[in-house]
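Residue numbers (this note's numbering), protein chains in the order written: chain A, 8 to 799; chain B, 2 to 336.
Calculated directly from the structure, the hints in this document are not laboratory data. Incorrect hints may appear among the rest.
If you want a taste of the chain A side facing chain B, the calculated C-beta under 7 angstroms gives, among others [as the list claims (entries may be wrong)]:
#1 Ile11
#2 Ala317
#3 Arg321
Counterexamples of contact, computed for chain A against chain B with all Cβ distances above 10 angstroms [claimed, not checked]:
#4 Ile14
#5 Pro22
#6 Ser23
#7 Gly32
#8 Lys91
#9 Arg116
#10 Asn456
#11 Arg520
All residues carry an ideal CB built from backbone N, CA and C; glycine is no exception.
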Amino acid sequence: MTRIAEILTTFDYGPSPEDASVARGWLARHARGFGHFIDGAFLPPGETLPVTDPATGAELARVSQGTEADVERAVKAARTAQPKWAALDGHDRARHLYALARHLQQHARLLAVLEVLDSGKPIREARDIDLPLAIRHFYHHAGWAATLADDFPGQAPHGVCGQVIPWNFPLLMLAWKVAPALAAGNTVVLKPAEWTPLSALAFAEIAREAGLPKGVLNIVTGDGTTGAALTGHPGIDKVAFTGSTEVGRLIRRQTAGTGKALTLELGGKSPFVVMADADLDAAVEGVVESIWFNQGEVCCAGSRILVAEAVAPRFEALLRARMGKLRTGDPLDKSTDIGAIVHPVQLDRIRALVDRGEAEGAVLHRGSAPAEGCFYPPTLATGVEPASVLATEEIFGPVVTLTPFRTPEDAVALANATRYGLAASIWSESLTVALDLAARIRAGVVWVNCANLFDAAAPFGGMRDSGFGREGGREGMAAYLAPPAARARKGEALPPAPQALPAAEIVPGTLDRTAKLYISGKQARPDGGHSYPVAAEQGSGGKGAAGLAPLGGRKDIRNAVEAARKAEGWSNSSGHARAQVLYYLAENLSARAAEFADRLRAMGANAGAARAEVDCALRRIVWYAAQADRIDGAARQIGPGLTAITRAEPVGVIGIACPLAAPLAGFVSLVLPAIAAGNRVVAIPSQTQPLAATDLYQVFDTSDLPGGVVNIVTGERDALARVLADHDDVDAVWYAGTAQGAAMVEAASAGNLKRTWVEDGAARDWTGPAGQGRDFLTRATEVKTVWLPYGA
Amino acid sequence: MTTAPSDPNAPGSATATGHGTNDPRNPGTGLRVEMFEGHRVNRPAAERRAASLTARRSLKKDHQAAWLVNAIRCIDLTTLAGDDTAQRVRRLCAKARRPLAPHLLQALDLAELTTGAVCVYPTMVPHAVAALEGSGIPVASVATGFPAGLMPLPLRLQEIRWAVAEGAAEIDIVITREHVLTANWQALHDEVAAMREACGPAHMKAILATGELQTLDNVYAASMVAMQAGSDFIKTSTGKEGVNATLPVSLTMLRALRDYGAATGHRVGFKPAGGLRTAKDALNWQVLMMEELGRDWLRPDLFRIGASSLLSDIERQLDHHVTGRYAAASRQALA
Numbered sequence: 008m009t010r011i012a013e014i015l016t017t018f019d020y021g022p023s024p025e026d027a028s029v030a031r032g033w034l035a036r037h038a039r040g041f042g043h044f045i046d047g048a049f050l051p052p053g054e055t056l057p058v059t060d061p062a063t064g065a066e067l068a069r070v071s072q073g074t075e076a077d078v079e080r081a082v083k084a085a086r087t088a089q090p091k092w093a094a095l096d097g098h099d100r101a102r103h104l105y106a107l108a109r110h111l112q113q114h115a116r117l118l119a120v121l122e123v124l125d126s127g128k129p130i131r132e133a134r135d136i137d138l139p140l141a142i143r144h145f146y147h148h149a150g151w152a153a154t155l156a157d158d159f160p161g162q163a164p165h166g167v168c169g170q171v172i173p174w175n176f177p178l179l180m181l182a183w184k185v186a187p188a189l190a191a192g193n194t195v196v197l198k199p200a201e202w203t204p205l206s207a208l209a210f211a212e213i214a215r216e217a218g219l220p221k222g223v224l225n226i227v228t229g230d231g232t233t234g235a236a237l238t239g240h241p242g243i244d245k246v247a248f249t250g251s252t253e254v255g256r257l258i259r260r261q262t263a264g265t266g267k268a269l270t271l272e273l274g275g276k277s278p279f280v281v282m283a284d285a286d287l288d289a290a291v292e293g294v295v296e297s298i299w300f301n302q303g304e305v306c307c308a309g310s311r312i313l314v315a316e317a318v319a320p321r322f323e324a325l326l327r328a329r330m331g332k333l334r335t336g337d338p339l340d341k342s343t344d345i346g347a348i349v350h351p352v353q354l355d356r357i358r359a360l361v362d363r364g365e366a367e368g369a370v371l372h373r374g375s376a377p378a379e380g381c382f383y384p385p386t387l388a389t390g391v392e393p394a395s396v397l398a399t400e401e402i403f404g405p406v407v408t409l410t411p412f413r414t415p416e417d418a419v420a421l422a423n424a425t426r427y428g429l430a431a432s433i434w435s436e437s438l439t440v441a442l443d444l445a446a447r448i449r450a451g452v453v454w455v456n457c458a459n460l461f462d463a464a465a466p467f468g469g470m471r472d473s474g475f476g477r478e479g480g481r482e483g484m485a486a487y488l489a490p491p492a493a494r495a496r497k498g499e500a501l502p503p504a505p506q507a508l509p510a511a512e513i514v515p516g517t518l519d520r521t522a523k524l525y526i527s528g529k530q531a532r533p534d535g536g537h538s539y540p541v542a543a544e545q546g547s548g549g550k551g552a553a554g555l556a557p558l559g560g561r562k563d564i565r566n567a568v569e570a571a572r573k574a575e576g577w578s579n580s581s582g583h584a585r586a587q588v589l590y591y592l593a594e595n596l597s598a599r600a601a602e603f604a605d606r607l608r609a610m611g612a613n614a615g616a617a618r619a620e621v622d623c624a625l626r627r628i629v630w631y632a633a634q635a636d637r638i639d640g641a642a643r644q645i646g647p648g649l650t651a652i653t654r655a656e657p658v659g660v661i662g663i664a665c666p667l668a669a670p671l672a673g674f675v676s677l678v679l680p681a682i683a684a685g686n687r688v689v690a691i692p693s694q695t696q697p698l699a700a701t702d703l704y705q706v707f708d709t710s711d712l713p714g715g716v717v718n719i720v721t722g723e724r725d726a727l728a729r730v731l732a733d734h735d736d737v738d739a740v741w742y743a744g745t746a747q748g749a750a751m752v753e754a755a756s757a758g759n760l761k762r763t764w765v766e767d768g769a770a771r772d773w774t775g776p777a778g779q780g781r782d783f784l785t786r787a788t789e790v791k792t793v794w795l796p797y798g799a
Numbered sequence: 002m003t004t005a006p007s008d009p010n011a012p013g014s015a016t017a018t019g020h021g022t023n024d025p026r027n028p029g030t031g032l033r034v035e036m037f038e039g040h041r042v043n044r045p046a047a048e049r050r051a052a053s054l055t056a057r058r059s060l061k062k063d064h065q066a067a068w069l070v071n072a073i074r075c076i077d078l079t080t081l082a083g084d085d086t087a088q089r090v091r092r093l094c095a096k097a098r099r100p101l102a103p104h105l106l107q108a109l110d111l112a113e114l115t116t117g118a119v120c121v122y123p124t125m126v127p128h129a130v131a132a133l134e135g136s137g138i139p140v141a142s143v144a145t146g147f148p149a150g151l152m153p154l155p156l157r158l159q160e161i162r163w164a165v166a167e168g169a170a171e172i173d174i175v176i177t178r179e180h181v182l183t184a185n186w187q188a189l190h191d192e193v194a195a196m197r198e199a200c201g202p203a204h205m206k207a208i209l210a211t212g213e214l215q216t217l218d219n220v221y222a223a224s225m226v227a228m229q230a231g232s233d234f235i236k237t238s239t240g241k242e243g244v245n246a247t248l249p250v251s252l253t254m255l256r257a258l259r260d261y262g263a264a265t266g267h268r269v270g271f272k273p274a275g276g277l278r279t280a281k282d283a284l285n286w287q288v289l290m291m292e293e294l295g296r297d298w299l300r301p302d303l304f305r306i307g308a309s310s311l312l313s314d315i316e317r318q319l320d321h322h323v324t325g326r327y328a329a330a331s332r333q334a335l336a
């Protein structure tokens, strides 16, 4: 039979290899090894590491293992270049970013092929997804550079950014990091992943070609120790990391108390929810685009399919048939769907996790893959129990679980039963149902009837253990800018620990009043059964006491967090309903203004200051009541038939440790934005002057504030803040106090990767304009991006 | 090619290679609305699948040539113009007999190659039958008041019988779009079933005129009803609608066809028509067939392409494949 006639019987696709000669030529030019790219030039290679092609195991190049001295040199270059770069007119920085986009486009094929060789991803994806998105990112951020002064008045770049990126989308993650950083006027030291450094080095060459000023972008290669040297370097002002949750936690601890800004984009175990009324064929393709995209090495991959029982058998049959059509193999072949796993170490990790899952009872269905080499077949696991390693651990491979659910309620519960909160994909032909689920699933990105769509204008990032910060759009730009920093002339000093002993005397007032803790809308005595005297005159040595405050402890915090968790209705109530309560609160506080002023005077304020502080508190409450019904997201038209809406959702349960000064205004300045945005709060009032805050609970009670929305625990601030920061069911901690306390809160918050906001308690005038503003509300909310493709 | 054990489209043993089919013809099932009612098709997702599917399969060199040759085997070489004449039809039939220049056929080492059929208006059937005598190439005739189909049913049925009597082996009927747009499934079913009966031994292709049904939900439902009424093929378009064959519409029809097959065991063919003009189009649609249904649906008994100018572009591409030089249309035999 002739060749043509034979093909007419088999209908094989045949080989369709991408030409890699230009990329190999580039590698040959660097055959003696790559040095770091610092201050606009490549250094001679130092001690080198091999870079291999996972599809063949062949060595592609050698790159330098970055030392502390290399990092030092790079940070110095970035530091030197930064003022001039930041001083450039936005228009001129935009021209540089535009040139980067243009030159990336001109070298797109070289970069795509390099990416394939280095990471094992299929050429179709590198060419049609990674490169266009990376280029788009630079174009988009050229725009932000051009309009920066108008869009972010008064804000300034952080300075030098230390950025560490992963191996799954090497160039795209570089673009996500570098473009906004440069647009904002920062300079960059970036460390690409040890396994996939080549596209970053090629990018450095291209940036040089495009005329980027030297020192603005520096690339240091190496392994995790190089990354740690970079994120830990004292000359870094902002750390941005994309990678595993495990390393994210380390970086959180490492940077705690350093004052470095930090954004983390970490792991996920994202739900993929198929409702009974979904277009099942479409949902099957969604799975392909989720977990069988990029070998499943995707942080936001829908790795847990949850499917309505009514359609589960049919869906599984369709999915398995489709899985059978996937082609796993040579990443350079244009008909390959699934390429090589990035590195044998990762392949071993996938195998080990799947083996464990199988031992736990999962049933595995597999597509095909070459027997030899660093490949893993697309795999569907059924019969997976919720506690199975396959349902809980991020596998970062082409392995997906399938679990049936009964009702939408059940689907939401299963979807949220995870530490993570990066992404979700929801499939339903009912907009009513889909949007309900989109609102209720905890994830930074929700794709309705689609999966793994990205755009430079749409924020991307996680909730919970998936990290914090957003990349893309206005929110992504904001992460590379800082509002004018509040700095204390003299920082807060650690107050003496509260003494649970009787006071010498209580300054006489009216009838003796007992301040209590306030938990779940009820006054509560402290679990420990102790109280401490509150000095009548601050700094007077506590001779006379203004009264006694309950000495709260661990269990009181536990109870308060539980109460806050249960008060979910507040987060789901309308902005208008919250505004009504807050206005009512202002009304009631106003009626008792004199009483509060007296209390402040009893704790040492002079009459004028006391009146002013009460007035400030009142104004704050009204201001946030006014904001409550317009804490908005936005709708972005990404393309024809594709809208992405951003929702500003409450963070959840926020622990708030108040500054010592301004006992009423400080409390109100922090608690009000939190609850206006729909959060529930556990607040620790001023340790030294807690009584104005405890008086507030009577106002709360008369203002229809639902129980559990604000919980008050008085006592030793840092001890209580520590319990909050350690608590896995607290979503965020705000701490205004000492530098040591701030470091403690940041480090302890690494456990569940809480969003933290720490600063010196004395940094702001809590009764002045600095004590209120939109940035408070921004901190009180978390952005969820919901993608909505449409078409009749 | 990776073939999984779970692939429902693994090639069967009784595969036809020439015209006609070894399958028993689809007898239809009677109207069964539960097979399509409430079946929703998400358009953005269908468009996305269609776009990525054709971008994710690549055919080069000999493989591309072979798949292009296959497209020729599946073409219903068509002329449906108001100015058709006997002479015009004879010229078309000559091209159907010899779709490629002899030197190309020789270079590709193929003994024989013809198009799948020739498709004409009813009055042109006798000319086509005469011109194709002995070639084994079937004559397909459009009928039933093509393209709008808005003629009294008895006249439409009569037109079918007339064309069959004149020697048409295949009849491309058009459905009444109104029945779809008003969800009058019973009327649609009964009409198509009557047409199928009128076709007798001739194979019937039901043209859905998808450009006028607009929604993919409608396309899926109409496909299903046409199959339930006994269609041998379902076909996208007359070529006269504003929008003719598109990949998302084809994808939707193929899924209906797959679901019908799974429910009844009957295999129905698919014919995209109108809008397929380039060799790249021919490859795209074949990739769609291969990926969604499997290789059996790449053979002319289950796959036809309704086209007129497509063949010329395929011939140019094959010429390039053989000679390594780019070809000029003026050097090819006209259809």
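Going through the hints against the structure:
no.	hint	verdict
1	Ile11	holds (5 angstroms)
2	Ala317	violated (12 angstroms)
3	Arg321	violated (10 angstroms)
4	Ile14	violated (4 angstroms)
5	Pro22	violated (7 angstroms)
6	Ser23	violated (4 angstroms)
7	Gly32	holds (22 angstroms)
8	Lys91	holds (44 angstroms)
9	Arg116	holds (15 angstroms)
10	Asn456	violated (5 angstroms)
11	Arg520	holds (63 angstroms)
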